[in-house]
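A.B. asks: Listed here are the chains, written in short residue letters.
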Amino acid sequence: MADGAVLAYRQWRLERRMFWRNPTAAFFSFILPLLFLFLFGAIFSGDQKTLDVIVPGILGMSVMSTTFNALAMNITFLREEGVLKRIHGTPMPPASYLGGVMANAVNNAAVQVVIVVLAGRLFFGIGWPKDWLELVVFSVVGVATLASLGVAFSHVIPNFDAAPAYTNIVFLPVIFISGVFYDVDNAPAFLQDIARVLPLTHIIDGLSAALVTGTSLADNAGHLAVIAAWGVFGTFFAVRGFSWDAKRD
Amino acid sequence: MTTSAPAILVRDLRKVYGEHQALQGLDFEVAAGEVFGLLGPNGAGKTTTVEILEGYRNRTAGIVSVLGHDPQQRARALRERVGIVLQSTGMYRHITPREALRHFADIYPHPRDVEEVIAITGLQEKADALARTLSGGQQRRLDLALALIGDPELIFLDEPTTGFDPAARRNAWEVIRSLQELGKTILLTTHYLDEAQALCDRVAIIKDGRILAEGPPGELGAASTRYRVVWRDESGELQAREVEDPTALLHQLTSAALARGSALEDLSVMRPSLEDIYLELTAEESEEAFRG
Chain A
5 MADGAVLAYR
15 QWRLERRMFW
25 RNPTAAFFSF
35 ILPLLFLFLF
45 GAIFSGDQKT
55 LDVIVPGILG
65 MSVMSTTFNA
75 LAMNITFLRE
85 EGVLKRIHGT
95 PMPPASYLGG
105 VMANAVNNAA
115 VQVVIVVLAG
125 RLFFGIGWPK
135 DWLELVVFSV
145 VGVATLASLG
155 VAFSHVIPNF
165 DAAPAYTNIV
175 FLPVIFISGV
185 FYDVDNAPAF
195 LQDIARVLPL
205 THIIDGLSAA
215 LVTGTSLADN
225 AGHLAVIAAW
235 GVFGTFFAVR
245 GFSWDAKRD
Chain B
3 MTTSAPAILV
13 RDLRKVYGEH
23 QALQGLDFEV
33 AAGEVFGLLG
43 PNGAGKTTTV
53 EILEGYRNRT
63 AGIVSVLGHD
73 PQQRARALRE
83 RVGIVLQSTG
93 MYRHITPREA
103 LRHFADIYPH
113 PRDVEEVIAI
123 TGLQEKADAL
133 ARTLSGGQQR
143 RLDLALALIG
153 DPELIFLDEP
163 TTGFDPAARR
173 NAWEVIRSLQ
183 ELGKTILLTT
193 HYLDEAQALC
203 DRVAIIKDGR
213 ILAEGPPGEL
223 GAASTRYRVV
233 WRDESGELQA
243 REVEDPTALL
253 HQLTSAALAR
263 GSALEDLSVM
273 RPSLEDIYLE
283 LTAEESEEAF
293 RG
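One line per chain: the protein sequences are A and B, in this order.
Residue numbers 5 to 253, in our numbering, belong to the letters of the first sequence in order.
Residue numbers 3 to 294, in our numbering, belong to the letters of the second sequence in order.
Check before you lean on any hint, since a few could be wrong.
[Unchecked claim] Some, not all, of what chain A presents toward chain B, calculated at C-beta under 8 Å: (1) Arg25; (2) Gly50; (3) Asp51; (4) Gly86; (5) Ala193; (6) Leu195; (7) Arg244.
[What the hints assert, rightly or not] To spell it out: a stretch of chain B is covered by chain A in this simulated footprint if at least three of its residues, at any positions, have a beta carbon under 8 Å from a beta carbon of chain A; those stretches are: (8) 91–101; (9) 248–260.
[What the hints assert, rightly or not] What follows is a list of derived Cβ distance ranges for each label pair: (10) A:Gly218 <-> B:Asn60: 19 to 25 Å; (11) B:Asp29 <-> A:Phe31: 41 to 47 Å; (12) B:Ala63 <-> A:Ala193: 34 to 40 Å; (13) B:Thr164 <-> A:Phe127: 39 to 45 Å; (14) B:Leu132 <-> A:Ala191: 28 to 34 Å; (15) B:Pro43 <-> A:Arg25: 39 to 45 Å; (16) A:Leu176 <-> B:Asp29: 54 to 60 Å; (17) A:Asp197 <-> B:Gln26: 53 to 59 Å; (18) A:Thr28 <-> B:Glu221: 42 to 48 Å; (19) B:Asp72 <-> A:Ala193: 42 to 48 Å; (20) A:Ala191 <-> B:Pro111: 54 to 60 Å.
In short, the hints are calculated from the structure, not lab data.
Beta carbons are placed, not taken as given, at the ideal position from N, Cα and C, and that holds for glycine.
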C-alpha cells in the first residue's frame with residue numbers, strides 16, 4: 005500500500021500511458037491546436053501585429069482543449085464505461101484518483117505551453133517571453149481553472165455519445181468570442197461584454213502580457229482575479245456534482 | 003463459524019426510490035466462510051441489496067454491517083478487505099490485464115501475486131492484450147481477477163456468469179469453489195438456479211424487495227410439506243398430483259395396478275426441487291401483484 009500522493013502519481017503515470025495509446029484522443033487534444041498554430045502562422049507570416057494576437061490566442065485555445073475538453077470527455081467516458089464505479093469500490097482515495105486524472109491533463113497543457121513558446125520564439129517573431137513568472141502564474145491558474153470547469157461540465161453531459169457535441173458547443177463559441185483569432189477590442193460591443201465575463205479571454209490577456217506586451221503581473225491582477233473566481237466556481241461544482249456511477253439512484 | 007461474528011448482517015433493510023419501495027425489510031446474515039446466494043428474477047432487488055452492502059448506495063432504513071463496518075461510511079479499511087465484481091463495469095480500453103492488475107495491486111495493503119491471479123482466472127493467453135480486444139467472457143474474467151487482486155476476505159459477485167458459455171461457467175464455478183476453500187466469504191446474486199444449487203451453502207429467494215424463503219438449497223425443497231407423485235395410468239397418460247401425504251394415494255395406485263394385474267409405469271415420488279420452490283414462490287407473488 006502506498007499513501008495518497010504515491011497513488012496519485014501512479015494514477016497519473018497510468019493515465020499518461022493510456023492517453024498516448026489512444027491516437028485519436030491524443031490527436032484531437034494535442035495535435036489539432038498545433039496544426040492551427042502552424043496554419044495561422046503560415047497565413048499571417050510577416051504580419052507581426054496579427055501574429056502577436058494569434059500566438060497567445062492559440063496558446064489559450066490549446067490549454068482549454070487539453071484541459072476543459074479533454075477532461076469533460078474523459079470523465080464522461082470513464083463514468084459511462086463504469087471505470088469510475090470500479091475505482092470507487094477499491095481503497096483508492098478519490099482525491100488520489102482524480103488528482104492523477106487531472107494531472108495528466110495539466111501536464112499535457114504544460115507541454116503545449118512549452119511548444120507554443122518555442123514556436124513563438126523560433127517561427128513567429130515573438131521572441132522569448134517578456135515575463136517568465138507571469139507566464140507561469142497565468143498558465144498554472146488558467147490550467148487549474150479550465151481543468152476544474154472541465155470536470156464540472158462533465159456532470160452536465162448525459163452520455164459519451166453526446167460528449168463531443170456538448171464540449172464543442174462550449175469550446176467553439178468560447179474560442180471565437182475570447183479572441184483566439186482576433187483582438188477582442190475590435191469586436192462589436194455586445195461580444196466584448198460577453199468576452200469580458202469568460203475566463204479564456206482573461207487567460208489569453210494574461211498570456212499575451214507575459215509573451216508579447218510585457219505588462220506586469222500587478223497590472224494584470226484583475227485578469228487573474230476573474231480566472232480565479234471561475235476556478236472557485238468550477239472546483240465547487242466539480243466536487244459537489246461528482247458522480248461515480250452513470251446510473252445513479 | 004457459529005461463534006464468530008457474521009461477515010454480513012442485515013436487519014430490516016429498506017430502500018425507497020421516490021414512490022417505489024425497492025427493498026421492503028430484508029433480514030439475513032452471512033457467516034464468515036460461507037457462500038450465500040441471493041436468488042431472484044430481474045428487478046427483485048438483488049443488485050440494490052448488493053450495492054448497499056458494497057457502499058455504492060445509501061439505504062433508506064435498517065441496519066447493515068459488513069465485516070463490522072457500516073458500508074455507507076465508505077471506510078478505506080473496509081474496502082481493503084472486500085473484492086467486488088459488479089454486474090457491468092468497464093475498464094480502460096487501452097490497458098492490458100497484466101498492467102491493470104499491477105496497477106490495482108498497488109492500491110491494496112496485501113495484494114496477491116499478479117501472475118498467480120492471471121493463472122487462477124485463466125487469462126494467461128490474454129495477459130498482454132489490450133482490454134478492448136478481449137471477448138465478453140474474457141472481460142468478465144478480468145473483472146474477477148481485479149476483484150481478487152487485493153486478496154479480499156469477502157467477495158461480492160453480482161451475476162458473475164451471465165453471458166458465459168457452459169464451459170466458462172464451469173470454470174468460474176471452480177474458481178468460486180477454490181475461493182471458498184481458502185475460507186473466503188462470498189455473496190453472489192444469480193438468476194440461475196443450477197448456479198445457486200451448485201455453489202451456495204445457503205440461498206435467499208428474493209422477489210419484489212422481500213425474502214420469500216431462505217436456507218440451504220437442498221433443504222428449501224425438503225422443507226416443503228408436499229410431495230409430487232407422477233405415474234402412468236391404465237390409458238397410458240402421464241398423471242401428476244401434489245399431496246401433503248402420499249401414503250393413501252400410493253396405496254390406491256398400487257392396489258389398482260395389482261387388481262388390473264399390470265405394472266405401475268413411470269412412478270416417481272419427489273420432493274419439490276429448488277426450481278419448483280422458486281417458480282412456485284415467484285409465481286404466487288406475481289399473481290398477487292397482478293390481482294392487486
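A.B. asks: The structure should be examined with respect to each hint, and the outcome stated for every one.
C.D. replies: Here is what the structure says about each hint:
no.: 1; hint: Arg25; result: holds (4 Å)
no.: 2; hint: Gly50; result: violated (43 Å)
no.: 3; hint: Asp51; result: violated (42 Å)
no.: 4; hint: Gly86; result: holds (4 Å)
no.: 5; hint: Ala193; result: violated (47 Å)
no.: 6; hint: Leu195; result: violated (40 Å)
no.: 7; hint: Arg244; result: violated (17 Å)
no.: 8; hint: 91–101; result: holds (count 8)
no.: 9; hint: 248–260; result: violated (count 0)
no.: 10; hint: A:Gly218 <-> B:Asn60: 19 to 25 Å; result: violated (55 Å)
no.: 11; hint: B:Asp29 <-> A:Phe31: 41 to 47 Å; result: violated (56 Å)
no.: 12; hint: B:Ala63 <-> A:Ala193: 34 to 40 Å; result: violated (59 Å)
no.: 13; hint: B:Thr164 <-> A:Phe127: 39 to 45 Å; result: violated (57 Å)
no.: 14; hint: B:Leu132 <-> A:Ala191: 28 to 34 Å; result: violated (47 Å)
no.: 15; hint: B:Pro43 <-> A:Arg25: 39 to 45 Å; result: holds (41 Å)
no.: 16; hint: A:Leu176 <-> B:Asp29: 54 to 60 Å; result: holds (56 Å)
no.: 17; hint: A:Asp197 <-> B:Gln26: 53 to 59 Å; result: holds (57 Å)
no.: 18; hint: A:Thr28 <-> B:Glu221: 42 to 48 Å; result: violated (57 Å)
no.: 19; hint: B:Asp72 <-> A:Ala193: 42 to 48 Å; result: violated (59 Å)
no.: 20; hint: A:Ala191 <-> B:Pro111: 54 to 60 Å; result: holds (58 Å)
This entry does not satisfy hints 2, 3, 5, 6, 7, 9, 10, 11, 12, 13, 14, 18, 19, going by the numbered hints stated previously.
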